[in-house]
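J.: Each chain, letter by letter, is given below.
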Amino acid sequence: MTLLAATIPDAVTFVIAAAICVLGALGVVLSRNPVHSALMLVMTLFGVAVLFVEEDAQFLAAVQVIVYAGAIVVLFLFVIMLLGVDQKEAIERDPLPAQRPVAICVGILVLAEVLLLARGHWPTGARSVSGAIGSPADNVGLIGRSVFTTYLLAFEVTSALLVVAVIGAVVLARRPRPALGGSAPATGPAVEPDGDDEDPDDTEPDGGEAGTAETVSSAAAQAEDELASPEVPGP
Amino acid sequence: MLRVAFLIPLLPLAGFLILLASGRKLGNPLSGWVATFLVAASFVVTVIVFAGLFRLPVGARSYTQSWFTWISAGHLHVDMGLLIDPLSMTMAAFVTGVSALIHLYSIGYMEHDEDFPKFFLYLNLFVAAMLVLVLADNFLLLFLGWEGVGVCSYFLIGFWFERDSASSAAKKAMIFNRIGDAAFLVALFLIYERTGSLEYQRVFAHLGSVGEPSLVAIGILLFGGAVGKSAQIPLYPWLADAMEGPTPVSALIHAATMVTAGVYLMCRINPILYRAPDAAHVIAIVGAATAFLGATIACAQDDIKKILAYSTISQLGYMFLAAGIGAYDAAIFLMLTHAFYKALLFLGAGSVIHAMNDEQDVKTMGALARLMPITAVTFLIGWLSIGGVPVLSGFWSKGDVLLNAFAFSPALWAVGAVTAVLTAYYMGRAYLLVFRGEQRWVEAKPKAKAGLHPHDPSWVMSAPLVVLGALSAVGGLINLPIHPDFDFLERWLNPVFATRLFSHQWSLGGVWTFALVDAALALAGVGLALALWGRTYERPAVGPVFLRRAWYIDWAYDRLIARPSTEVAIETSSVVEAKGIDGTVNGFAWVVRATGRRLRSVQSGYVRNYALGLAAGLVLILAYVLTRAS
Amino acid sequence: MTTAASWYLTLAAVLFTIGAIGLLVRRNVLVMFMCVELMLNAANLTFVTFARRLNDIAGQTAVFFVLVVAAAEVVVGLGIIVSIYRRRPGATADDIHRLKG
Chain A
30 MTLLAATIPD AVTFVIAAAI CVLGALGVVL SRNPVHSALM LVMTLFGVAV LFVEEDAQFL
90 AAVQVIVYAG AIVVLFLFVI MLLGVDQKEA IERDPLPAQR PVAICVGILV LAEVLLLARG
150 HWPTGARSVS GAIGSPADNV GLIGRSVFTT YLLAFEVTSA LLVVAVIGAV VLARRPRPAL
210 GGSAPATGPA VEPDGDDEDP DDTEPDGGEA GTAETVSSAA AQAEDELASP EVPGP
Chain B
1102 MLRVAFLIPL LPLAGFLILL ASGRKLGNPL SGWVATFLVA ASFVVTVIVF AGLFRLPVGA
1162 RSYTQSWFTW ISAGHLHVDM GLLIDPLSMT MAAFVTGVSA LIHLYSIGYM EHDEDFPKFF
1222 LYLNLFVAAM LVLVLADNFL LLFLGWEGVG VCSYFLIGFW FERDSASSAA KKAMIFNRIG
1282 DAAFLVALFL IYERTGSLEY QRVFAHLGSV GEPSLVAIGI LLFGGAVGKS AQIPLYPWLA
1342 DAMEGPTPVS ALIHAATMVT AGVYLMCRIN PILYRAPDAA HVIAIVGAAT AFLGATIACA
1402 QDDIKKILAY STISQLGYMF LAAGIGAYDA AIFLMLTHAF YKALLFLGAG SVIHAMNDEQ
1462 DVKTMGALAR LMPITAVTFL IGWLSIGGVP VLSGFWSKGD VLLNAFAFSP ALWAVGAVTA
1522 VLTAYYMGRA YLLVFRGEQR WVEAKPKAKA GLHPHDPSWV MSAPLVVLGA LSAVGGLINL
1582 PIHPDFDFLE RWLNPVFATR LFSHQWSLGG VWTFALVDAA LALAGVGLAL ALWGRTYERP
1642 AVGPVFLRRA WYIDWAYDRL IARPSTEVAI ETSSVVEAKG IDGTVNGFAW VVRATGRRLR
1702 SVQSGYVRNY ALGLAAGLVL ILAYVLTRAS
Chain C
76 MTTAASWYLT LAAVLFTIGA IGLLVRRNVL VMFMCVELML NAANLTFVTF ARRLNDIAGQ
136 TAVFFVLVVA AAEVVVGLGI IVSIYRRRPG ATADDIHRLK G
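Residue numbers (this note's numbering), protein chains in the order written: chain A, 30 to 264; chain B, 1102 to 1731; chain C, 76 to 176.
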């Protein structure tokens, strides 16, 4: 493999896109404000989309922009705005001793090792097992054919996964209505009725565990619908 | 008739179990009567079996009865079996008889003791163990009885265990016994290894194939066991201390029965000793030395029970002397008569102690003959018997021993003769100081003895004294050397000893000469006692210190062995045990805890830390992949 | 010639590392989540690189599925975060340390 055997436009595109990615990534990690982090993430995602196009994965590039940048990050921003998590985080000091330096060391080590692996001998697999990549015009069709024939089971399973995720999100985030002569609303798979119709702020156990199943609060249900349904590129 | 032999040890054992279960309920004195009755019943059965054995023709007087197989492991096969032959029946007869008398006596002696039932429980167990010992048909069962009597001795010596001296004495007895037992065990191993069996009849049949050095070793080792059990040199100091136990215990165990087990053992292994003359000679010499030693110490003791204890050691020495030179029936004869008169003397001493409110020092007694006539008369008979005054039983039995001793070795005879004089002397001294003279106890301790009115005890205690007195007087008739028709005992025991018996056939003149010499020795001792102690008390007020302190032998044991051992034990327990062994075990626990404490800090509870751990693991895995990939 | 695969792989590695360090260092839950997304993207990039290298469509299919699952994961994760924040506004990842030994 020759490292520098590249055409000039490709190389330039790659360098610019790579720079965008890295800068974005650094921005995500180093920003104090979570909103800034989210925006930096968008920048990274765009860079990656460009690289996808460069790698003859046009469909994926499009999907990346639409789904990842367009839906997921938006979701992030919704939550940030909703919950008011945009307070600045004290980023100077890490309360856990030695966490930061060790993390950086470990990270650099991982990078070094992966780079070494990257330069090493590639484990070459068989080529074109699931179908060759054809011209750009065929990309969508090829992916579609692959998904619907070779990887049909995975496709079906992920569909089910999406349904589960939707239901889960709805159930997790809902606030049960206060009982007006009615019992606690029927629950989904992830929640047990705690009998906290009246005032869960008194009956809930203390401690801030991520006890998601218990955190069905008693305020009137709001915004549950808004949070429940991400847009998914359906089949 | 012989088939009821199994009852002989079983009845006292039943007594033990009954008293164990309900002794406290039966109480005082019923539990004592139950125990006495059962031992007396055992005596009756013994007589029956004795008669049954007597009816068998001379050559066939041997009967074995096996209850069940005790051990069956590979080639080792040991039964719970009894051997009924003249020797074992003789032993059983006097053991049960004298025990029954002493049980009866104890009902009176222990009547004020609150642990009355426990006493009889132990006594019955002792009798059962002793009977197992003498009736066993194999060495292992004998050893079982041997250990049993040792344990009962421990219990009974330490009966009043709240007294430090008593529990120490019990421990001392156990330890000295144990040393002998170790030798006994090694002998058992040797016997089994050389002959392939532990049963008497099989072992004795195979002796021809065993080399003499092994036989000598076996003989010496078994004698080692006997030395411990029968208080010979060097394992005798425990017997004097064993006087801490109640007097009936001293009478039964440390005079008449347990200490004679060693002599019995020597007689039982006569086939081995016959083939190992070196071992036998050692036995004879040790016996003679012990006889002399015991007699000299007894001359200077003030405690009446200690006088009797050292006297026992001395008389046992005589018995071992006889066994060592091969005159087994003389040894058994002496054992028999000794049982009678020594038990008598002890019980008499017990009466005196009882009457004097537990006072045991002869210096503070005196003139009790008029106040306690029965006790005095029987004690007199006992004295004269042990002294060897004709025609009481001691004269004949000791005479038998000395007769054979001279034929074997005049030197041994000389030691025996001197000891005989001393025996008559010290026992006379005891009698005269206790029963004659003035009532020294009035001035000696006026306050303590103010209300003291010594008198003869009740019939339960007096009757055994009388019976034993009679036996001591006429007991010699069973084996008179005067005429071959009269030595019943020798003929009775002949099947057991056969040709191995050393019995020099003296002419009638020789027999009479020796009889006269023995009488002279006895009267010399009596005369000496009367001369020194008959009139006044001013004579050597106390004996020489060397003798009083028992030749300082016990003192030497204490200084050279006991104290250093205790030091070592203390060192070991405080250093090796506490710091070394305990320390190691504790150290393990400490290491575990310390490691846990260090490792616990890994569990910080923060998710990010755990994620960091994951990342570190990733580094390691990638490193591994790198090393393999390249 | 097109660019060599090792460039893309290097870039993916760098992105992954940055995402990993960010995950370990930041305390704000949402930012940590975003770092996870970064790492997923690095993986996607690697997949696509290999798809081109091995001329196999399966790499791109894999990215497709990764995208789907990432989306589902974000949905549920944010639902959880919302639930937590309702109870405890201002919670950070450091607030859970009951498992401390």
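Since the hints were derived computationally from the structure, they do not count as laboratory data.
Be a bit skeptical, because a hint or two may be false.
Stated by the list, open to error - Simulated restraints on C-beta separations:
1. B:THR1685 <-> A:PRO130: 49 to 55 Å
2. B:LEU1727 <-> A:GLY173: 37 to 43 Å
3. A:PRO124 <-> B:GLU1672: 54 to 60 Å
4. A:THR178 <-> C:GLY165: 46 to 52 Å
Unchecked claim - So the derived list for chain B, only partly shown, Cβ under 8 Å to chain A, looks like this:
5. VAL1490
6. ALA1716
7. THR1728
Here the structure is a predicted model, which is why all the values come from computation and not from measurement.
Ideal placement from N, C-alpha and C gives every residue a C-beta, glycine not left out.
J.: With respect to the beta-carbon atoms only, verify the hint that A:PRO124 and B:GLU1672 lie 54 to 60 Å apart.
T.: holds, 56 Å
J.: Holds or violated: is there a CB of chain A closer than 8 Å to the CB of B:ALA1716?
T.: holds, 5 Å
J.: Is the hint on B:THR1728 kept, meaning its closest Cβ partner in chain A is under 8 Å away?
T.: violated, 10 Å
J.: Can you let me know if the beta-carbon spacing of B:LEU1727 and A:GLY173 is within 37 to 43 Å?
T.: holds, 38 Å
J.: With chain A as the partner, please determine if B:VAL1490 meets the hint condition of a C-beta pair closer than 8 Å.
T.: violated, 103 Å
J.: Mind checking the hinted window 46 to 52 Å against the Cβ distance between A:THR178 and C:GLY165?
T.: holds, 50 Å
J.: Regarding B:THR1685 and A:PRO130, is the given constraint of 49 to 55 Å on their beta-carbon distance met?
T.: violated, 41 Å
Violated hints for the displayed structure, listed by number in ascending order: 1, 5 and 7.
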